[in-house]
Each structure stands twice: as structure tokens, then as C-alpha cells.
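Make the full structure from the sequences, and use the hints.
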Amino acid sequence: DSGVTQTPKHLITATGQRVTLRCSPRSGDLSVYWYQQSLDQGLQFLIQYYNGEERAKGNILERFSAQQFPDLHSELNLSSLELGDSALYFCASSVGSSGEKLFFGSGTQLSVL
Amino acid sequence: GESVGLHLPTLSVQEGDNSIINCAYSNSASDYFIWYKQESGKGPQFIIDIRSNMDKRQGQRVTVLLNKTVKHLSLQIAATQPGDSAVYFCAEGASGGYQKVTFGIGTKLQVIP
Chain A
165 DSGVTQTPKH
175 LITATGQRVT
185 LRCSPRSGDL
195 SVYWYQQSLD
205 QGLQFLIQYY
215 NGEERAKGNI
225 LERFSAQQFP
235 DLHSELNLSS
245 LELGDSALYF
255 CASSVGSSGE
265 KLFFGSGTQL
275 SVL
Chain B
646 GESVGLHLPT
656 LSVQEGDNSI
666 INCAYSNSAS
676 DYFIWYKQES
686 GKGPQFIIDI
696 RSNMDKRQGQ
706 RVTVLLNKTV
716 KHLSLQIAAT
726 QPGDSAVYFC
736 AEGASGGYQK
746 VTFGIGTKLQ
756 VIP
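Read top to bottom, the protein sequences are chains A and B.
Going left to right, the first sequence walks through residues 165 to 277 as the working numbering numbers them.
Going left to right, the second sequence walks through residues 646 to 758 as the working numbering numbers them.
Examples of chain B residues lying across from chain A (beta carbon under 8 Å, computed):
(1) Tyr677
(2) Lys687
(3) Gly688
(4) Pro689
(5) Phe691
(6) Asp694
(7) Phe734
(8) Val746
(9) Thr747
(10) Phe748
(11) Ile750
Distance windows between CB atoms, simulated:
(12) A:Gln181 <-> B:Asn712: 45 to 55 Å
(13) A:His237 <-> B:Gly728: 28 to 38 Å
(14) B:Ala723 <-> A:Asn241: 42 to 52 Å
(15) B:Lys716 <-> A:Gly222: 14 to 24 Å
(16) B:Ala674 <-> A:Gln231: 24 to 34 Å
(17) A:Gly222 <-> B:His717: 20 to 30 Å
(18) A:Asn241 <-> B:Ala674: 31 to 41 Å
(19) A:Thr177 <-> B:Gly686: 15 to 25 Å
These aren't lab readings, by the way, just hints derived from the structure by calculation.
Please read these numbers as outputs of a predicted model, since none were measured by experiment.
For each residue, glycine too, the CB sits at the ideal point set by N, CA and C.
So this is what it looks like as C-alpha cells:
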């Protein structure tokens, strides 16, 4: 168990809908990272937050947004969903902000039908 | 329709033999390298890391070798066990503020009992 909790584990929704994925980092970790893993793109970095502030952005679509709350949990919001958004979404956390030694959650499997 | 996915390189190894998983990285500015293991249905798990001021680092049954001249990284697993069967990712990052950690496509290790 990595100590990172992601909910829900599975999510099935329809195109055009909006969903929210939730992540609780390991106790003491200030950074949260979101990754998307799909069959044709591998593990893609989306966005990172450190102590409530956005720190780095990767290949995140404008339809997607995220935030980190004062209690350090994070949410990834995906809107106007398309079939191609179906993927496994991972949250990871680390103590610092430099991307070292990430601890990953078990992921949320999103299926857009 | 037919699904399209990344063609992961696959390494098949007899149980008890040593495994060597290779990775080429692209960014000359990268100075921090990490290996992650991802078992089926789970998130990636940190195995070992190495900084660019080293060319070798050993852990428990694992050794990472770094060749900066040819931008090559390898993970050696001694006495491979069935529990080592997983997809292995190398990742690279650069220090000096946050630099997103970029993951390779992964190598699937199959251990033959």
C-alpha cells in the first residue's frame, strides 16, 4: 500500500459528461501529481500541485482542470468527456516538489461510453 | 473495432536468471533517473533512483547503471522471481525547481517458472 488513496476505483460515464476524480496524498506529502495512462499513449503527466499551488503542467487538455485543497487532497475534473478520455488516471504524491520518488495510488479507471 | 495500443517491448526470463532492462533517455539536461515497477491492476511503484553524478547504484537485488555519454539507463534484477513479472518504466527528471518527470513507454518482464 503506497499510502495514496484514489476514489472512485472505477467510473463509467457518457460522452459530454463531467466527472471528478479524488486523491488523498500520503501523510506528510505536499505534492500531488496527476497522470493519465492509456493504451496508445503510455503514462502521460498532466499536472502537479505543491502545497495548494499549481507547480507544473504537462499534456493536460483545457477540458480538464485540477486543484489542491488546504488539507492537501486533490481533485481532477474532466468535462465534456470524449471517448478518447477513457483511460486509467493515477495520482501520485511526494514530499517535495521536484518530482523525486513518487508514490502512486491504485488509479481510477474511467470508461466513457 | 480493433484496439490499438503501444507495443511494449517484452523480456522473457527464466526464473532464477538475471534480468536486464534497458532504457534510452532523451533529455541531456536530465540529472535524475528513476525506475518504477507496475504490476497488473496497480499503480507504478518506486524501485530505485540514481543521480547523474553516479554511474551505478545498488539496491536489494536490483542495480541501476547510468551511461550519460550515450544517454542510456539499465535496470538489472538478480535472481529473477515470478513476483518480478510486471511492466518496468524508466523516468527522467531535471533538478533546479520542478521539472516534470517523463516516463518511458515501459518494458514488460515475463518470468518463466
